Amino acid sequence: DVKVTQSSRYLVKRTGEKVFLECVQDMDHENMFWYRQDPGLGLRLIYFSYDVKMKEKGDIPEGYSVSREKKERFSLILESASTNQTSMYLCASSQDGGRSYNEQFFGPGTRLTVL
Amino acid sequence: QKEVEQDPGPLSVPEGAIVSLNCTYSNSAFQYFMWYRQYSRKGPELLMYTYSSGNKEDGRFTAQVDKSSKYISLFIRDSQPSDSATYLCAMNTGRRALTFGSGTRLQVQP
Numbered sequence: 001d002v003k004v005t006q007s008s009r010y011l012v013k014r015t016g017e018k019v020f021l022e023c024v025q026d027m028d029h030e031n032m033f034w035y036r037q038d039p040g041l042g043l044r045l046i047y048f049s050y051d052v053k054m055k056e057k058g059d060i061p062e063g064y065s066v067s068r069e070k071k072e073r074f075s076l077i078l079e080s081a082s083t084n085q086t087s088m089y090l091c092a093s094s095q096d097g098g099r100s101y102n103e104q105f106f107g108p109g110t111r112l113t114v115l
Numbered sequence: 116q117k118e119v120e121q122d123p124g125p126l127s128v129p130e131g132a133i134v135s136l137n138c139t140y141s142n143s144a145f146q147y148f149m150w151y152r153q154y155s156r157k158g159p160e161l162l163m164y165t166y167s168s169g170n171k172e173d174g175r176f177t178a179q180v181d182k183s184s185k186y187i188s189l190f191i192r193d194s195q196p197s198d199s200a201t202y203l204c205a206m207n208t209g210r211r212a213l214t215f216g217s218g219t220r221l222q223v224q225p
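Note that the protein sequences, when read in sequence, are chains A and B.
The first sequence lines up with residues 1 to 115 when you count with this note's numbering.
The second sequence lines up with residues 116 to 225 when you count with this note's numbering.
Please keep in mind that the hints were generated in silico from the structure rather than gathered at the bench.
Since this is a predicted model, take the numbers as computed values, not measurements.
Check before you lean on any hint, since a few could be wrong.
Computed list of lysine-lysine pairs in BS3-like fashion (alpha-carbon distance at most 27 Å, straight line) [said to hold, decoys possible]:
1) A:Lys-55 to B:Lys-157
2) B:Lys-157 to A:Lys-71
3) A:Lys-18 to B:Lys-157
4) A:Lys-70 to A:Lys-53
5) B:Lys-157 to A:Lys-13
6) B:Lys-171 to A:Lys-57
7) A:Lys-70 to A:Lys-57
8) B:Lys-117 to A:Lys-55
9) A:Lys-70 to B:Lys-157
10) B:Lys-157 to A:Lys-3
With these hints in hand, go ahead and build the complete structure from the sequences.
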């Protein structure tokens with residue numbers, strides 16, 4: 001069974017704090033993704049990584065950075081949290097199957113509140 | 116304009132009803148079309164995928180793609196309370212990243 005785990009289910013931080021969200025997958029997948037999910041806006045891609053130390057910007061990378069030092073672990077960093085980053089954050093992973101539908105497997109999400 | 120448009124609902128139906136969920140899209144390069152189901156407080160899970168145009172059936176679920184109209188549908192027959200969830204359409208060109216719709220919340224009343 002594919003498992004994607006996220007470090008916290010709920011997180012409350014203050015404006016200006018540095019926030020780390022961690023994601024770990026156990027299926028040796030090449031690709032890992034970070035999304036945020038907001039009502040009415042659906043899932044929006046923040047960043048993804050297709051290999052260790054490689055990353056690509058998604059649709060909304062501003063205010064975020066990522067780190068992938070090991071294949072199984074992908075971290076999302078909010079350098080200076082702001083209230084508009086209050087959201088549900090979802091991590092996903094997929095195997096690199098060439099040109100394919102590339103099924104993504106999701107973690108349970110981290111609900112981040114920035115006060 | 117968003118690349119993928121999906122009515123957010125909520126959609127409320129009685130148990131046993133046929134449910135139709137839809138998405139429209141603007142990027143003609145999309146080739147793979149997927150439906151993910153997301154239960155409350157969980158991450159999305161892949162329900163079905165279709166390559167290019169046509170229909171695909173899996174039990175009570177049928178996915179339909181009309182590339183000429185840039186329109187995809189998911190039909191649920193004999194809907195059950197356990198089908199209550201948010202349904203997200205997703206699509207890609209065969210590359211790694213998916214583009215998601217905003218999701219339709221479905222409530223099946225017993």
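Which numbered hints fail:
Number 6 - this is the single hint that the structure violates.
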